[in-house]
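There are 2 protein chains.
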Amino acid sequence: MALGDKDVRVRLQQSALNLFAERGYERTTAAEIAARAGVTERTFFRHFPDKREVLFDGAAVLLSALTGFIETAPDGLAPLDVLFFAFNAVVPLLEANRHISHPRQEIIAATPALAERELTKHAAMAHALAKLLQLRGVSHLPAELAGHTGMAAFAQATTAWLDDPAIALSERLDLAYVGLKALWSAPTRAADAQTSPEAG
Amino acid sequence: MALGDKDVRVRLQQSALNLFAERGYERTTAAEIAARAGVTERTFFRHFPDKREVLFDGAAVLLSALTGFIETAPDGLAPLDVLFFAFNAVVPLLEANRHISHPRQEIIAATPALAERELTKHAAMAHALAKLLQLRGVSHLPAELAGHTGMAAFAQATTAWLDDPAIALSERLDLAYVGLKALWSAPTRAADAQTSPEAG
Chain G
37 MALGDKDVRV RLQQSALNLF AERGYERTTA AEIAARAGVT ERTFFRHFPD KREVLFDGAA
97 VLLSALTGFI ETAPDGLAPL DVLFFAFNAV VPLLEANRHI SHPRQEIIAA TPALAERELT
157 KHAAMAHALA KLLQLRGVSH LPAELAGHTG MAAFAQATTA WLDDPAIALS ERLDLAYVGL
217 KALWSAPTRA ADAQTSPEAG
Chain D
37 MALGDKDVRV RLQQSALNLF AERGYERTTA AEIAARAGVT ERTFFRHFPD KREVLFDGAA
97 VLLSALTGFI ETAPDGLAPL DVLFFAFNAV VPLLEANRHI SHPRQEIIAA TPALAERELT
157 KHAAMAHALA KLLQLRGVSH LPAELAGHTG MAAFAQATTA WLDDPAIALS ERLDLAYVGL
217 KALWSAPTRA ADAQTSPEAG
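Taken in order, these protein sequences are the chains called G and D.
This note's numbering applies: residue 37 is where the first sequence begins, and numbers increase by one.
This note's numbering applies: residue 37 is where the second sequence begins, and numbers increase by one.
Possibly wrong hints are sitting among the right ones.
Which copy? The list can't say, so a pair holds if one copy fits it or any two copies do.
Claimed, not checked - Mimicking DSSO-like on lysine-lysine, the simulated pairs with C-alpha atoms at most 30 angstroms apart in a straight line are:
no.: 1; residue 1: Lys87; residue 2: Lys217
no.: 2; residue 1: Lys217; residue 2: Lys42
no.: 3; residue 1: Lys157; residue 2: Lys167
no.: 4; residue 1: Lys87; residue 2: Lys42
no.: 5; residue 1: Lys217; residue 2: Lys167
no.: 6; residue 1: Lys42; residue 2: Lys167
no.: 7; residue 1: Lys157; residue 2: Lys42
Hints listed in this document are in silico derivations from the structure and should not be mistaken for laboratory results.
Please read these numbers as outputs of a predicted model, since none were measured by experiment.
Next comes chain G alone, as it looks inside the complex:
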């Protein structure tokens, strides 16, 4: 049975997710992931540098899709509108990968070292979005602010949707978009000085 490279990659990812869920991330080795996927350990390391990177393979695919939509979004859109144009355009891709993204998110949430790595990947993605906006004529500071603001909203929407699919991802993105706009207008009141927020 000859498997293409892409099939092997997907199988390794699925095997890794299953083993991480069964035994925990720390107690799973690359060799075990390879065995579960029916390939050699050498094949595993031909695809991924270590077991951690199996979980972060999707970021490149996502960024590549976003790149195309940001480059070709209509003229005249404001920076955050360009980003939301692209976020909405990748909804079908994210929906098609939900069966992988959902268990992945549970493992990341349960493993602090992975959560820390995820934040680093998000920061890199925010920076990449900023670079793409600069290609549309946005200058450095607003591009960086848009990249980080957009990425925070995108991460919030996708995380909420992975946790609870009762609300569609496109609707989550709309809520985040409206929520961001209201940050400048909805009034707040001084807190009761007796109350303190919970730690954490």
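Place chain D on chain G using the hints.
Then chain D, alone, in the frame of chain G:
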């Protein structure tokens, strides 16, 4: 010479920064930091769990100051206006600590494991800001979005000011504030399809 606890802490931080700058973070031990500060290794570990945490001690002080200003900011301010009210109010504190923050930032920028930890601290700070906004009646989603957006702008402004003090921190914050508002209005244009952004 009897030193108060706070003096010892400051001395350990200053010694750590000096040694990290001289030898690099990886090649400096807690024992060496203690020796440079003129205290025992045991004293070091009474103040900090490990050499990494010496660099992240300021976050609690900063959050405590921000908390007070967010709780007592005038009624009627919008969520991001509350956060910028607090950011502006802590400018004197940040200016007073610049001689520590500046070398600290250079060490963090040069050490990927520390940069990753810094992002985790920023995410925790964004979440704490969100909790404080919820105490002012802001609901969960806009509070989280404001926390992350505000934190991104605050980090951008402080980092730019640490890199180049020719522009005052208060002015950096104003630029970030204006920049955030423009993300909804300044038009962009479709990128030249032949151009690609640099990686990273």
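Here is how each hint holds up against the structure:
Taking the shortest Cα distances, Lys87 and Lys217 never come within 30 angstroms of each other, neither inside one copy (40 angstroms) nor across copies (42 angstroms). Taking CA atoms no more than 30 angstroms apart as the test, Lys217 paired with Lys42 passes in neither setting, with 40 angstroms inside one copy and 43 angstroms between copies. Taking CA atoms no more than 30 angstroms apart as the test, Lys157 paired with Lys167 passes in both settings, with 15 angstroms inside one copy and 24 angstroms between copies. Taking the shortest Cα distances, Lys87 and Lys42 sit within 30 angstroms of each other inside one copy (17 angstroms), while across copies they are farther apart (43 angstroms).
In this assembly of identical chains, Lys217 and Lys167 lie within 30 angstroms of each other by CA distance both inside one copy and across copies; the values are 23 angstroms within and 19 angstroms between. Within a single copy, Lys42 and Lys167 get their C-alpha atoms as close as 29 angstroms, which meets the 30 angstroms cut-off; across copies the closest is 43 angstroms, which misses it. In this assembly of identical chains, Lys157 and Lys42 lie within 30 angstroms of each other by CA distance solely inside one copy; the values are 22 angstroms within and 36 angstroms between copies.
Comparing the model with each numbered hint stated earlier shows that hints 1 and 2 do not hold.
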